[in-house]
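S.K.: The numbering of the sequence shown is UniProt numbering, which starts it at 1 and goes up by one.
Derived from the structure by calculation, the hints contain no laboratory data. Be aware that a few hints might be false.
[Unchecked claim] Listed below are the simulated PhoX-like cross-link pairs for lysine-lysine, each with C-alpha atoms no more than 20 angstroms apart in a straight line:
1. Lys504 x Lys549
2. Lys377 x Lys504
3. Lys466 x Lys337
4. Lys53 x Lys66
5. Lys263 x Lys437
6. Lys117 x Lys341
7. Lys437 x Lys377
8. Lys466 x Lys341
9. Lys117 x Lys263
10. Lys359 x Lys466
[As the list claims (entries may be wrong)] FRET-style restraints, in silico, Cβ to Cβ:
11. Leu541 x Leu48: 23 to 33 angstroms
12. Thr170 x Ala334: 54 to 64 angstroms
13. Asp146 x Gly425: 19 to 29 angstroms
Everything numeric in this text was worked out from a predicted model, so none of it was measured. Even for Gly, the Cβ is constructed at its ideal location relative to N, Cα and C.
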Amino acid sequence: MSLMMAYIAKNKMMWLESARGMRKYLIWTLVTIVLFFATAEPAVGVPLSDFEKGLGDLAIGSERLKPCLSIENAGLRAGCSLVAALEAEAAAVGGAQLAVSKERCAYRSQGGSSLHKYAAEMHPFLKQVLERYATLHRHCTGLEYDNLGGMYASKKKRNPQCRYVVWSCTFGLGNKLMSLLSTFLYAIISQRVLLIESPGWEHLFCEPFPGSKLQVPEGFSLREDFSPSFADFQTRRCGDGSREGPHCGSHYVVEVAFTGESKPRDHSFLVCPTAMAAVRNIPFLHFRNSNQHFAVGFFLNPALRPLLEVLFPEHNIFHLLAQAFLSPSDAVWAHIKTFHKQYLQPASRNIGVQLRESKGEYRQYYDDVVPLCIQRKSALCPFELEELIEKEKQHQPPHSPSSSEPDNKNISRPLVSVYISSLVGGHYQSLKQTIPKLEPEMLQRFVVVAQESDGEQREDIGHIQKALVDMWVLSLSDILLTSHMSTFGYTAQGLAGITPYHLKPWLDLPCWPSVSSDPCFHFAPQRVHCPADNFTMRDPLQQAPYIMKCPDLPDTGLQLAE
1 MSLMMAYIAK NKMMWLESAR GMRKYLIWTL VTIVLFFATA EPAVGVPLSD
51 FEKGLGDLAI GSERLKPCLS IENAGLRAGC SLVAALEAEA AAVGGAQLAV
101 SKERCAYRSQ GGSSLHKYAA EMHPFLKQVL ERYATLHRHC TGLEYDNLGG
151 MYASKKKRNP QCRYVVWSCT FGLGNKLMSL LSTFLYAIIS QRVLLIESPG
201 WEHLFCEPFP GSKLQVPEGF SLREDFSPSF ADFQTRRCGD GSREGPHCGS
251 HYVVEVAFTG ESKPRDHSFL VCPTAMAAVR NIPFLHFRNS NQHFAVGFFL
301 NPALRPLLEV LFPEHNIFHL LAQAFLSPSD AVWAHIKTFH KQYLQPASRN
351 IGVQLRESKG EYRQYYDDVV PLCIQRKSAL CPFELEELIE KEKQHQPPHS
401 PSSSEPDNKN ISRPLVSVYI SSLVGGHYQS LKQTIPKLEP EMLQRFVVVA
451 QESDGEQRED IGHIQKALVD MWVLSLSDIL LTSHMSTFGY TAQGLAGITP
501 YHLKPWLDLP CWPSVSSDPC FHFAPQRVHC PADNFTMRDP LQQAPYIMKC
551 PDLPDTGLQL AE
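Construct the entire structure; sequences and hints are all you get.
M.R.: Written out as structure tokens, the structure is:
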């Protein structure tokens, strides 16, 4: 504790120099307070909060939890309780974890994350939680991974010792990554082990938790299991502890899904304070075919919001969880690294342009507005001519004729790389001709580049790898221009940690900024009634000042502002 206090004192002035530094200082202080209370005398007779009621039985009965109940601040108390719960769950199955082998992921061992120049630093409390979660994941997979298929297939359906979240999705890569990281967030706060049912995933990403396994074991699948949805589960009054229906005790799997078809009853999983408690004893939750960034919805839950505000004080959920969870496979990383070295590294500034087309359409306005957006919104303001002339004069030998009358045409100009991501090759061919025409006015040199594309969106591994390379190269941009409502673009901005510009079809206003790097939840909860909690969310915008309408889908979309 004394070492941590000394660290805070040493860095206090440096941190207070910026807004982000101020947040970092506050977080370190909060972590210190939590650790202090974690060593204090346990609270006696303090009722559990709605969040704590959703913790696993092992955590609720653990001595580790009791000191947390002395903390008055709701967010710090929830954070302390979460750490205690993760430790209690892992300790119950300790000793069986797989050995953490030497790092085999080239992206991590070679420091690939350093290419994201604008990456936010993960906050200490979140780091602590993720470390505890990784330990739980290794312990549980080491204990019973190979037996899960037999447990599920058994007619008696023996309960596993750990509780699980299984994720599967058949949508495109952008939708998959948004829903997967949202599911990962739920797995963390509910202390469940995340497994995915996604053949070929190992060709795209490294294992997120070295020494553990993310894919479901061979022979285990929930895709053909049509269990009750969470809404049906709630309709039967299961999990509320009062008038449970006759079939509640037989539930082994409950399904959760968030799509454009989701109803308020489905959204109650996100919003209702005791929703996590209702399913805490269900062995498997199956997040089936969600295509939304539904992590935003957890901020609408009054029981979870204080915890999430501590873990994500800048509200950049996707960005920080991607840092921990998404590391490109060696094959994908090799392509990213080669492209970066050849085209992005030599440039002084990189602009990423993501153009989404549907079913072979060709939106001509993209070719018109992209150069205008670069010209007006990219912060590539022309250098003052006098400064350039003065700089050139300093490099001229004395009495050189050009030192008195410099030739403006020969002034060296910064190189700007413009990366075009589109399945329609015509956009690249057009923009390759029009963007360089900005050079005389902007005093920059432009090079327009793109991956080769066959114009088709297919689901074979080779095409998906190429799409991931596209997505990752976009995320290495200094400035990002994206199609509105594009989950591909959302993922790139989330990986980068930068706020993009959305392209518009209007020449007088070719693009406008989003509100943050976090993706939009397209079809978010609008009004949800929680009868078991005597709580109704009538207006999501009134829940917190940083919850805003999505600029590109204001009617139904919600987004977290940084």
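S.K.: So, against the hints stated earlier in the document, which numbers end up violated here?
M.R.: 5, 9, 12, 13
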